[in-house]
Amino acid sequence: MSDTAPGVTASGPQPNEAKAALEARNQWRVWEKSVARHATEPAFRLGLAASFTAESLVPFVGAELLQMGVSPAVWVAPYNQIFQVCLDPQAAFGADRSPDAIAILWRMEDLLTPELEAFASGDRTALPSALDKVDELCAAIRALRAAFPGILLVGVPPFPYLHHVDTHSLGPRSNLGHFHRKVLSHWHDLVDDLQGLHLLDLDAAQRDFGAGHSIDHRKWYLYKQPYTDAFLMHLAYQLGRLLQLLRKEPKKCLVLDCDNTLWGGVVGEEGVEGLQLGDEFPGKAYRDFQKLLLGWRNQGILLTILSKNNPADVWNVFDSHDGMVLTREHISAWRIDWNPKPENLPLIAAELNIGTDSLVFLDDSPFEIEQMRLARPEVTCVLLPEDPALLVETVKRSHLFDRLEITEEDRSRADMIAQERRRIELKDRITGPQFLQSLGLHLQVFEPRPEHLSRVTQLLNKTNQFNLTTLRRTQEEVKRLLDAGTFRLFAARVEDRFGDYGLTGLAIVQQVAPAVWYVDTFLLSCRVLGRDIETALLAFVAQEGAALGVRELQARFSPTRKNAPAANFLPGHGFRPSQDGLWTIECDKVPPRPPHIKVS
Amino acid sequence: MADRIITLFAETLDVPSEKLSEDSSPDNTPEWDSLAAMNLVSVIEDTFGVELSTQEIMKMRSIGIVRQVLRDKGITDV
Chain A
1 MSDTAPGVTA SGPQPNEAKA ALEARNQWRV WEKSVARHAT EPAFRLGLAA
51 SFTAESLVPF VGAELLQMGV SPAVWVAPYN QIFQVCLDPQ AAFGADRSPD
101 AIAILWRMED LLTPELEAFA SGDRTALPSA LDKVDELCAA IRALRAAFPG
151 ILLVGVPPFP YLHHVDTHSL GPRSNLGHFH RKVLSHWHDL VDDLQGLHLL
201 DLDAAQRDFG AGHSIDHRKW YLYKQPYTDA FLMHLAYQLG RLLQLLRKEP
251 KKCLVLDCDN TLWGGVVGEE GVEGLQLGDE FPGKAYRDFQ KLLLGWRNQG
301 ILLTILSKNN PADVWNVFDS HDGMVLTREH ISAWRIDWNP KPENLPLIAA
351 ELNIGTDSLV FLDDSPFEIE QMRLARPEVT CVLLPEDPAL LVETVKRSHL
401 FDRLEITEED RSRADMIAQE RRRIELKDRI TGPQFLQSLG LHLQVFEPRP
451 EHLSRVTQLL NKTNQFNLTT LRRTQEEVKR LLDAGTFRLF AARVEDRFGD
501 YGLTGLAIVQ QVAPAVWYVD TFLLSCRVLG RDIETALLAF VAQEGAALGV
551 RELQARFSPT RKNAPAANFL PGHGFRPSQD GLWTIECDKV PPRPPHIKVS
Chain B
1 MADRIITLFA ETLDVPSEKL SEDSSPDNTP EWDSLAAMNL VSVIEDTFGV
51 ELSTQEIMKM RSIGIVRQVL RDKGITDV
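Those protein sequence lines, which keep their order, are chains A and B.
Note that my numbering has the first sequence beginning at 1, numbered continuously upward.
Note that my numbering has the second sequence beginning at 1, numbered continuously upward.
Be aware that one or more of the hints could be misleading.
Said to hold, decoys possible - Derived DEER-like restraints, expressed as beta-carbon distance ranges: (1) B:58 with A:281: 47 to 57 Å; (2) A:43 with B:58: 37 to 47 Å; (3) A:40 with B:2: 26 to 36 Å; (4) B:2 with A:357: 41 to 51 Å; (5) B:11 with A:67: 16 to 26 Å; (6) A:177 with B:58: 31 to 41 Å; (7) A:38 with B:11: 17 to 27 Å; (8) A:357 with B:16: 37 to 47 Å.
Hints are computed from structural coordinates only; laboratory data are not their basis.
Since we're looking at a predicted model, the values are computed, not measured.
Ideal Cβ placement from N, Cα and C applies to all residues, glycine included.
Work out the full structure, taking the sequences as your base and the hints as a guide.
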């Protein structure tokens, strides 16, 4: 069995699990005591609502969040009050408790009991009534989504287990399967239609884990708490991962070794024909690995090579080995020489315009991994296994590129980098203004529509460099801004003759006085820096403002570790320092659109 | 060293150990409610590496009885 499916057996808790459970409980107990003693204000408040007793989940989720470095509070709504929570969360969690996130977990056994029983015994007419109930639940969640600004997670119910139905005999078992799939499919359709929900897949979790090992019959009968501690820990881990994803910046780039990583063997010693790479094991394992990498590239993860090798040898494999899945075109940057890898790695990051903390380094050499960990602790390092059969699984299990949604921009990012390479080649041939002129830049500015929300949120949360205020926001918060009358959002799409950069700029202004806009957010993706796009976007905002009677713009620069590229933006565009760190400018003093950029 | 069982109850119920005795039960210890009882089952099982049956769980309505149940299951040092 794998490491994420710890083996609970029918004979009771296993020592490792018991130890982990005790440790988590202990960690949570100590934390709660210290919160009570010091009246600590939690940084992240999670409300749980479940159709079953969910209190047992609290210490495990709490410990997960603590390990992620978050100061959490975890509250549980009264047993089986999902609808009440949806309609009035304040009343359910307590008047003085307002969660940052609410997770709603339900089981078919609890909410669809009569329909499940009837269907299990062969009464197919029970299905429509079950789907009606799911509609009702979804309507309640829709109401909650509309009223609650925070993160909202909803569970995907696991395969049902009814104590009074013989779920092991063939007929009921297959009926239950049918019922489960129908209801799940309906649930997915409904939830997909609602924006701003995130799924916690209890069904997948139970499948990973094994249904037999996830249910604690004693605690179900005694406390209406259906799950084993081991499964609850597994759920807590999934929940923690999901919550972490909602805030953290995802990794952007893989840094790959070549020998015994992309192929088996050492090209410098064995030559191209001596390498293991093909349709038979072990070559097949490396080919599968390359296919996995290519899949990631198609989702926007950049692939780069950092190898101690002769460049000619490496490219010779790319060009002439017919087992290769990856081609030169797929590699966004590379350093192939004999310099220490920790010295080369920042060069790759710099070339791609990303921080070293968004890199993931893969290598088969424990030495290289250790050296990198010591020298560049911000880089995620994964040591590849000696046995090629475990290669793909090891890398998948590292959950390197978990993300909630894959946007169109993600899908085309690697292609855009290839275009960027061609742009740079052009830049080498001609000089600055001439170069900009030759690009044929086109900036489209528009108010974001619902379909742009996930990309806008991604920009808000991922843009580090050219970002005046670095205000992070959830998708729900962005949606609220759009609906609030006092804010205006300007999304910017940039194109040039090499291709489409996509939605890469954002300005948010707030009307703070009848003739004054405060620039709440002004950011550009690093993909479009160095092209005077910021000047064009500012000119557009000022022009829009002027048309609406705005006379003055106010703005602020909030320095972070990474946003130096935006430091000179305000003075550079004629803003003058005012009091309290504010900068101001009259709309008619804002520099005009640069002539090499077409704006619409 | 404090008694293992008393310490376990004190921590899980968040009650000072000097307030607990062999006679402490859900009836005279307000912190020992049904949610606490559920946690106690997990903590006892995980700490002593045993599995309790529902009969044993339902019987365990005082610290003294818990100690006896564990001794009956072969845990000698409690």
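Do the hints match the structure? See the list:
Range check, residue 58 (chain B) to residue 281 (chain A): Cβ separation about 55 Å, and the 47 to 57 Å hint holds. Checked against the given bound of 37 to 47 Å, the beta carbons of residue 43 (chain A) and residue 58 (chain B), roughly 41 Å apart, stay inside it. A C-beta distance of roughly 28 Å is found between residue 40 (chain A) and residue 2 (chain B), which places it inside the suggested range of 26 to 36 Å. Take residue 2 (chain B) and residue 357 (chain A): their Cβ atoms lie about 46 Å apart, and the range 41 to 51 Å holds.
Under the hint 16 to 26 Å, the C-beta atoms of residue 11 (chain B) and residue 67 (chain A), about 20 Å apart, fit the expected range. Range check, residue 177 (chain A) to residue 58 (chain B): Cβ separation about 35 Å, and the 31 to 41 Å hint holds. Taking the beta carbon of each, residue 38 (chain A) and residue 11 (chain B) are about 19 Å apart, inside 17 to 27 Å as hinted. About 46 Å separates the C-beta atoms of residue 357 (chain A) and residue 16 (chain B), a value consistent with the hinted range of 37 to 47 Å.
Hint compliance for this structure: every hint is met.
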